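If you're matching them up, the sequences are chains A and B in order. What the first sequence shows, in this note's numbering, is residues 1 to 218, in sequence order. What the second sequence shows, in this note's numbering, is residues 1 to 218, in sequence order.
The reader is advised that the hints may include incorrect statements.
Which copy is meant is left open, so a pair is good if it fits within one copy or across any two.
Stated by the list, open to error - Subject to a maximum C-alpha distance of 20 Å in a straight line, what follows is the list of computed SDA-like cross-link-like pairs (lysine to any residue):
#, residue 1, residue 2
1, Lys147, Met35
2, Lys77, Val116
3, Lys127, Pro218
4, Lys79, Gly169
5, Lys216, Trp138
6, Lys7, Tyr119
7, Lys172, Asn206
8, Lys79, Asp42
9, Lys216, Pro188
10, Lys127, Asp177
11, Lys7, Arg214
12, Lys147, Val116
13, Lys216, Arg6
14, Lys172, Gly65
15, Lys216, Leu88
16, Lys172, Asn9
17, Lys172, Tyr119
18, Lys147, Asn103
19, Lys176, Arg214
20, Lys7, Thr43
21, Lys147, Gly65
22, Lys79, Arg10
23, Lys77, Lys172
24, Lys176, Ala151
If you're looking for bench data, these hints aren't it; they were derived computationally from the structure. If you're wondering where the values come from, they're calculated on a predicted model, not measured in any experiment.
Number of protein chains: 2
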Amino acid sequence: MPDDLRKTNRTTITRHDERGSYDRESANSIIDEGMVAHVGFDTEDGPTVIPMTYARIGDEILLHGAVASRWLSGFAKGKPVSVCVTLLDGLVLAQSAFSHSMNYRSVVCFGTATLVTDYEQKQAAFKAFLDHLVPGRWEDCRQPDAKETGATIVLSVPIDEASVKVRSGPPKDAEKDLGLGYWTGVIPLELTPGSPIPDPLMEPGNAAPEYVRRYKRP
Amino acid sequence: MPDDLRKTNRTTITRHDERGSYDRESANSIIDEGMVAHVGFDTEDGPTVIPMTYARIGDEILLHGAVASRWLSGFAKGKPVSVCVTLLDGLVLAQSAFSHSMNYRSVVCFGTATLVTDYEQKQAAFKAFLDHLVPGRWEDCRQPDAKETGATIVLSVPIDEASVKVRSGPPKDAEKDLGLGYWTGVIPLELTPGSPIPDPLMEPGNAAPEYVRRYKRP
C-alpha cells in the first residue's frame, strides 16, 4: 500500500503548489475531520455536484444513499467521480484586496465509485458512517436490519488518485503593500458544537451520554 | 425576473421531497451565508470538483481564480457547471442507525459559467467577493489595480436552474422504534469565529476594526 497519493495529470497542483501535497496521512486526517463530501459526476444532463455524508475505511471513502435516489441509481456499473472534502479554518485579511485569502484544508479525490453489495461489508460501512460522525453512537442505537440494509446503496471510492491542498498562517502581502496601514491578520473559523437539543419524543429524564455532551471533531 | 427557481429534470428533488424547494429567497440566504462553493465540471480526464470562494450579485453566482489556473483556463468559451453551497447545522441522533441524519441547508445550481471580461464588472465582482466574506473590508484595504484585475478570471453562473434542500428539527424515528430508550436529539453545529490573530508583519498598535472584532456570518 503506497504511503503517498498518486500524482497524475488531474491531481497535479499547478497553482500555489507550495500548498499542495500527496501525503496520505494529511488526506486521511482531513477526510476524518470533515463531515460532508461534495461528490461530482456526469449525468445525461451535465455535470452534477451533490453533498453527501461519508466515512473512511482504510484507503477507501464510503458514500451512501437511498436505493430510491435518482442520482445513485446510475452507479450500478461503477461511475467516475470526484470527491472533495474541504475544511474552512479562517479568513485571511491582507493589505491588498488581491492578497486576501482563506485558510483551508482540502482533499480532491478522483476514481471510480463502485457498489458495495456484500452484507457484512455494508454493515461495516454503516458502523463507519456513525463512528465517523458521532464516535460511540453505533453501540448505542438500534443497528440496521436486513430491510434497511437492502434499501441503502453503499459506494466505495479508492483514496488513491488524490491531492491535498492546505493554506495556513498569516497573510502574504507583496513587499510594496506592507505598511499601507490597514489591519491585517486572520479571523479563525471553527465548526463548533452547541448544547445538545433533546428530542421532544424521547422519554423525559434520559440524560445525554458523554459522547454527546462532550462532542468534538477530531 | 422570476421569484422561483427553474424546475427541470435535474433540479427535481426525488428523495425527501419534503426537504426540497425552488424558493429563490431561501437559495439566496444559503448562498449569502456560505463561504465555499463546490464547483463541478467536466475535464478530458473526467468529472472534477473543486472548492472555490464566491459571491452573489443579484441572480448570479460569481467565481474567481487565477488566469494561470489550469482548471479555469477551459472556461473561456463557457462551460456547464454545477455549483453547490452546503451549510451544516447539526447532527441528528435517532433511535435507529438508519434514521440518523444531518440538519443542513444546501443549494445545487446548474448552468453555464461564462467569463466576465468587462473591467468595471470585474471590479464590482472583486468588491462582492470581499463584501461577501468580510463586510466592510473592501473600503478598508488596497483595491485591485489593472495588473491584478488582468491576472484574475471572473466567472458568472446564473442562479436559475437550481434547487434548495433543507433538513431541520428533531429526529424522525419510525413509530416502532420510539421508546427503545436511547438518547435522541440534535447536536447543533455552527461555524464560529475565534479571536482575530494579528499579522506579525503589521505595525504594532494597529487595533482590529469593529468588522473584524465582531465578525459574524449573516
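Consistency of the hints with the structure:
Neither within a single protomer nor between protomers do Lys147 and Met35 lie at most 20 Å apart by alpha-carbon distance, with minima of 26 Å and 39 Å respectively. Taking CA atoms no more than 20 Å apart as the test, Lys77 paired with Val116 passes inside one copy only; the shortest distance there is 11 Å, against 39 Å between copies. Proximity of Lys127 and Pro218 under a CA criterion of 20 Å is satisfied intra-copy only: 17 Å inside one chain copy versus 36 Å between copies. In this homomeric assembly, Lys79 and Gly169 never come within 20 Å of each other (Cα to Cα): the closest approach is 38 Å inside a single copy and 34 Å across copies.
Taking the closest pair of Cα atoms, Lys216 and Trp138 come within 20 Å of each other only inside a single copy of the chain (17 Å); across copies the shortest separation is 35 Å, beyond that limit. Within a single copy, Lys7 and Tyr119 get their C-alpha atoms no closer than 34 Å, and across copies no closer than 37 Å, so neither meets the 20 Å cut-off. In the homo-oligomer, the alpha carbons of Lys172 and Asn206 lie at most 20 Å apart only across protomers (18 Å), although the nearest pairing inside one protomer, at 51 Å, exceeds that limit. In this homomeric assembly, Lys79 and Asp42 come within 20 Å of each other (Cα to Cα) both inside a single copy, at 9 Å, and across copies, at 14 Å.
For the homomeric pair Lys216 and Pro188, the shortest alpha-carbon distances inside one copy (17 Å) and between copies (11 Å) are both at most 20 Å. Only between protomers do Lys127 and Asp177 lie at most 20 Å apart by alpha-carbon distance; the minimum there is 19 Å, versus 52 Å within a single protomer. In this assembly of identical chains, the alpha carbons of Lys7 and Arg214 never lie at most 20 Å apart, being 39 Å within a copy and 42 Å across copies at closest. Taking identical chains as interchangeable, the C-alpha atoms of Lys147 and Val116 lie at most 20 Å apart only when both belong to the same chain, with a minimum of 16 Å there against 51 Å between chains.
In this assembly of identical chains, the alpha carbons of Lys216 and Arg6 never lie at most 20 Å apart, being 31 Å within a copy and 39 Å across copies at closest. In the homo-oligomer, the alpha carbons of Lys172 and Gly65 lie at most 20 Å apart only across protomers (17 Å), although the nearest pairing inside one protomer, at 42 Å, exceeds that limit. In this assembly of identical chains, the alpha carbons of Lys216 and Leu88 lie at most 20 Å apart whether taken from the same copy (16 Å) or from different copies (15 Å). In this assembly of identical chains, the alpha carbons of Lys172 and Asn9 never lie at most 20 Å apart, being 28 Å within a copy and 45 Å across copies at closest.
In this assembly of identical chains, Lys172 and Tyr119 lie within 20 Å of each other by CA distance neither inside one copy nor across copies; the values are 52 Å within and 25 Å between. With identical chains, the CA atoms of Lys147 and Asn103 are never at most 20 Å apart, being 43 Å at best within one copy and 24 Å at best between copies. In this assembly of identical chains, Lys176 and Arg214 lie within 20 Å of each other by CA distance neither inside one copy nor across copies; the values are 47 Å within and 29 Å between. For a Cα distance limit of 20 Å, the shortest separation of Lys7 from Thr43 across copies, 17 Å, qualifies, whereas the shortest one inside one copy, 26 Å, does not.
With identical chains, the CA atoms of Lys147 and Gly65 are at most 20 Å apart within one copy only, with a shortest distance of 14 Å there and 47 Å across copies. In the homo-oligomer, the alpha carbons of Lys79 and Arg10 lie at most 20 Å apart both inside one protomer (17 Å) and across protomers (18 Å), since each shortest distance falls under that limit. Neither within a single protomer nor between protomers do Lys77 and Lys172 lie at most 20 Å apart by alpha-carbon distance, with minima of 47 Å and 33 Å respectively. Taking CA atoms no more than 20 Å apart as the test, Lys176 paired with Ala151 passes between copies only; the shortest distance there is 18 Å, against 61 Å inside one copy.
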